[in-house]
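J.: The listed protein sequences derive, respectively, from chains A and H. Position 68 (the first sequence) corresponds to 68 in this note's numbering; numbering is contiguous. Position 72 (the second sequence) corresponds to 1072 in this note's numbering; numbering is contiguous.
Any given hint could be a false lead.
Claimed, not checked - With a straight-line cut-off of 27 Å between C-alpha atoms, the simulated DSS-like cross-links for lysine-lysine are:
#, chain 1, residue 1, chain 2, residue 2
1, H, Lys1131, H, Lys1157
2, H, Lys1140, A, Lys63
3, H, Lys1033, H, Lys1118
4, A, Lys36, H, Lys1033
5, H, Lys1157, H, Lys1173
6, H, Lys1134, A, Lys74
7, H, Lys1071, A, Lys74
8, A, Lys66, H, Lys1206
9, H, Lys1183, A, Lys63
10, A, Lys66, H, Lys1131
11, H, Lys1183, A, Lys82
12, A, Lys23, H, Lys1206
13, A, Lys82, H, Lys1222
14, A, Lys66, H, Lys1041
15, A, Lys66, H, Lys1218
16, A, Lys63, H, Lys1066
17, H, Lys1173, H, Lys1184
18, A, Lys66, H, Lys1140
19, H, Lys1173, H, Lys1206
20, H, Lys1118, H, Lys1173
21, A, Lys36, H, Lys1222
22, A, Lys23, H, Lys1033
23, H, Lys1131, H, Lys1118
24, H, Lys1132, H, Lys1117
25, A, Lys66, H, Lys1066
26, H, Lys1218, H, Lys1157
27, A, Lys82, H, Lys1132
28, H, Lys1134, A, Lys66
29, H, Lys1060, H, Lys1033
30, H, Lys1183, H, Lys1222
31, A, Lys74, H, Lys1140
32, H, Lys1240, H, Lys1173
33, H, Lys1132, H, Lys1222
34, H, Lys1028, H, Lys1041
35, H, Lys1117, H, Lys1071
36, H, Lys1140, A, Lys82
37, A, Lys63, H, Lys1060
38, H, Lys1173, H, Lys1222
Since the hints were derived computationally from the structure, they do not count as laboratory data.
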Amino acid sequence: MKKSLWVMLVAGSLMALVGCSNKPSAEELQQLEALKAEVASLERQISTLDSERASLMRAIADKDAKLNQCTQDKTLVEQRLKAMQ
Amino acid sequence: MNWNKRLFIHVMLVCALAATALAQEMTKEEWQKQMQELTAKRDELKNRMATLQSEVDNLKRQDSDKAAALKKCEDELMAMVGATAASMAAYEAELNRIDEKLNELARLSNQELWNRKKELDDVQSAITNAKKNKMSALPKYYDRLANQQSRLDALRKSLEGMTMTYTVGTWSKDRDCLWNIAKKPTIYDNAFLWPKIWQGNRDQIKNPDIIRPGQKLKIPPKAELTAEEKSAARRYWQNKQAAAVPNNP
Chain A
1 MKKSLWVMLV
11 AGSLMALVGC
21 SNKPSAEELQ
31 QLEALKAEVA
41 SLERQISTLD
51 SERASLMRAI
61 ADKDAKLNQC
71 TQDKTLVEQR
81 LKAMQ
Chain H
1001 MNWNKRLFIH
1011 VMLVCALAAT
1021 ALAQEMTKEE
1031 WQKQMQELTA
1041 KRDELKNRMA
1051 TLQSEVDNLK
1061 RQDSDKAAAL
1071 KKCEDELMAM
1081 VGATAASMAA
1091 YEAELNRIDE
1101 KLNELARLSN
1111 QELWNRKKEL
1121 DDVQSAITNA
1131 KKNKMSALPK
1141 YYDRLANQQS
1151 RLDALRKSLE
1161 GMTMTYTVGT
1171 WSKDRDCLWN
1181 IAKKPTIYDN
1191 AFLWPKIWQG
1201 NRDQIKNPDI
1211 IRPGQKLKIP
1221 PKAELTAEEK
1231 SAARRYWQNK
1241 QAAAVPNNP
């Protein structure tokens, strides 16, 4: 008798303790997961944009160098053509 | 063990399990905290992405402008030398031919090169023609032509000071005289350079009309006649003319 009383007491206390704790609902947990996924997706997009920016900057630097070379070539060709005449 | 003790152990076990279960599950406060942190992070990332996207768009515009400017510059450069894609391809093919010929000649021994020295002149005239083309002013061709010219000059230099010999054959079989020897493609390919052979062999040729079969003649490198050689030739013709005039009785 005494034993069953103890068991009931302890079980009841535990149920009350667990049941009455302040937990987020399933919907709220889903909201949290969605937010995490959105953040991860944004991080991936930013990484892609970072790569694209770096690649564009390299391409622009390359074109700048070529343009500079072309301008120098034009001056040189002009001088050589004059010398040929 | 009495039942009180066993009960105590069971209670402790159950409490431990319950505590673990509670610790693993998120509380409302924790959920709110995480939501706040993630929302702030998402907003920050969205701002960063907008800035980055705008930078990328700007860079794309710059890249496109630079490409257009580069094309314009290259077109202007081509127009300056009157080049088209087809004429450039033909010009490049000609330069390739010169390179191939130079490679071929560079592989020869000096003796073989001497025998084919007329080909050096052909290469020189190909280079000279290529230099006359306006496209030669373009840096990539200008430097290449300069390199070809210096390779050709090096080949010519390797023949400098080299003495070639020619063994005189018989008149009946080879028709060898200084004129005909100088005319041979492997010698000078120019009969008028015969005085060069004469003057180069003064020790063994007193009279240029007389050379003997088996005589080994030194062949000086091909070049314009020197003043001395021209003068010797003039004297020869004057003597010949004087000898042809009948003596007065």
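J.: Each hint: holds or not?
T.: Each hint tested on the structure:
1. Lys1131(H) <-> Lys1157(H): Measuring from Cα to Cα gives roughly 21 Å; hence the hint holds.
2. Lys1140(H) <-> Lys63(A): At roughly 18 Å apart (the allowed maximum being 27 Å), Lys63(A) and Lys1140(H) satisfy the hint.
3. Lys1033(H) <-> Lys1118(H): Outside the cut-off at roughly 92 Å; violated.
4. Lys36(A) <-> Lys1033(H): Between Lys36(A) and Lys1033(H) the Cα gap is close to 13 Å, so the pair holds against 27 Å.
5. Lys1157(H) <-> Lys1173(H): This hinted pair is violated, its Cα atoms lying about 35 Å apart.
6. Lys1134(H) <-> Lys74(A): holds, 13 Å
7. Lys1071(H) <-> Lys74(A): Status holds; Cα separation ~13 Å.
8. Lys66(A) <-> Lys1206(H): It is violated: about 68 Å lies between the C-alpha atoms, which goes past 27 Å.
9. Lys1183(H) <-> Lys63(A): violated, 58 Å
10. Lys66(A) <-> Lys1131(H): holds, 25 Å
11. Lys1183(H) <-> Lys82(A): violated, 41 Å
12. Lys23(A) <-> Lys1206(H): violated, 127 Å
13. Lys82(A) <-> Lys1222(H): The hint is violated at about 34 Å.
14. Lys66(A) <-> Lys1041(H): violated, 42 Å
15. Lys66(A) <-> Lys1218(H): violated, 56 Å
16. Lys63(A) <-> Lys1066(H): Judged against 27 Å, a Cα distance of about 6 Å means the pair holds.
17. Lys1173(H) <-> Lys1184(H): Distance of about 15 Å is within 27 Å: holds.
18. Lys66(A) <-> Lys1140(H): Roughly 14 Å separates the two Cα atoms, so the pair holds.
19. Lys1173(H) <-> Lys1206(H): holds, 23 Å
20. Lys1118(H) <-> Lys1173(H): Answer holds: Lys1118(H) to Lys1173(H) is near 25 Å, not above 27 Å.
21. Lys36(A) <-> Lys1222(H): Violated: Lys36(A) and Lys1222(H) sit about 88 Å apart, past 27 Å.
22. Lys23(A) <-> Lys1033(H): holds, 13 Å
23. Lys1131(H) <-> Lys1118(H): OK: Lys1131(H) and Lys1118(H) at ~20 Å, within 27 Å.
24. Lys1132(H) <-> Lys1117(H): holds, 23 Å
25. Lys66(A) <-> Lys1066(H): With Cα atoms ~10 Å apart, Lys66(A) and Lys1066(H) stay inside 27 Å; holds.
26. Lys1218(H) <-> Lys1157(H): holds, 19 Å
27. Lys82(A) <-> Lys1132(H): holds, 13 Å
28. Lys1134(H) <-> Lys66(A): holds, 22 Å
29. Lys1060(H) <-> Lys1033(H): The given pair, whose Cα atoms are some 40 Å apart, is violated under the 27 Å limit.
30. Lys1183(H) <-> Lys1222(H): Cα-Cα ~12 Å, so holds.
31. Lys74(A) <-> Lys1140(H): holds, 12 Å
32. Lys1240(H) <-> Lys1173(H): holds, 26 Å
33. Lys1132(H) <-> Lys1222(H): holds, 25 Å
34. Lys1028(H) <-> Lys1041(H): holds, 20 Å
35. Lys1117(H) <-> Lys1071(H): violated, 45 Å
36. Lys1140(H) <-> Lys82(A): holds, 18 Å
37. Lys63(A) <-> Lys1060(H): Since the Cα atoms of Lys63(A) and Lys1060(H) sit roughly 13 Å apart, the hinted pair holds (cutoff 27 Å).
38. Lys1173(H) <-> Lys1222(H): holds, 26 Å
Going through the hint list in order, the structure does not satisfy hints 3, 5, 8, 9, 11, 12, 13, 14, 15, 21, 29 and 35.
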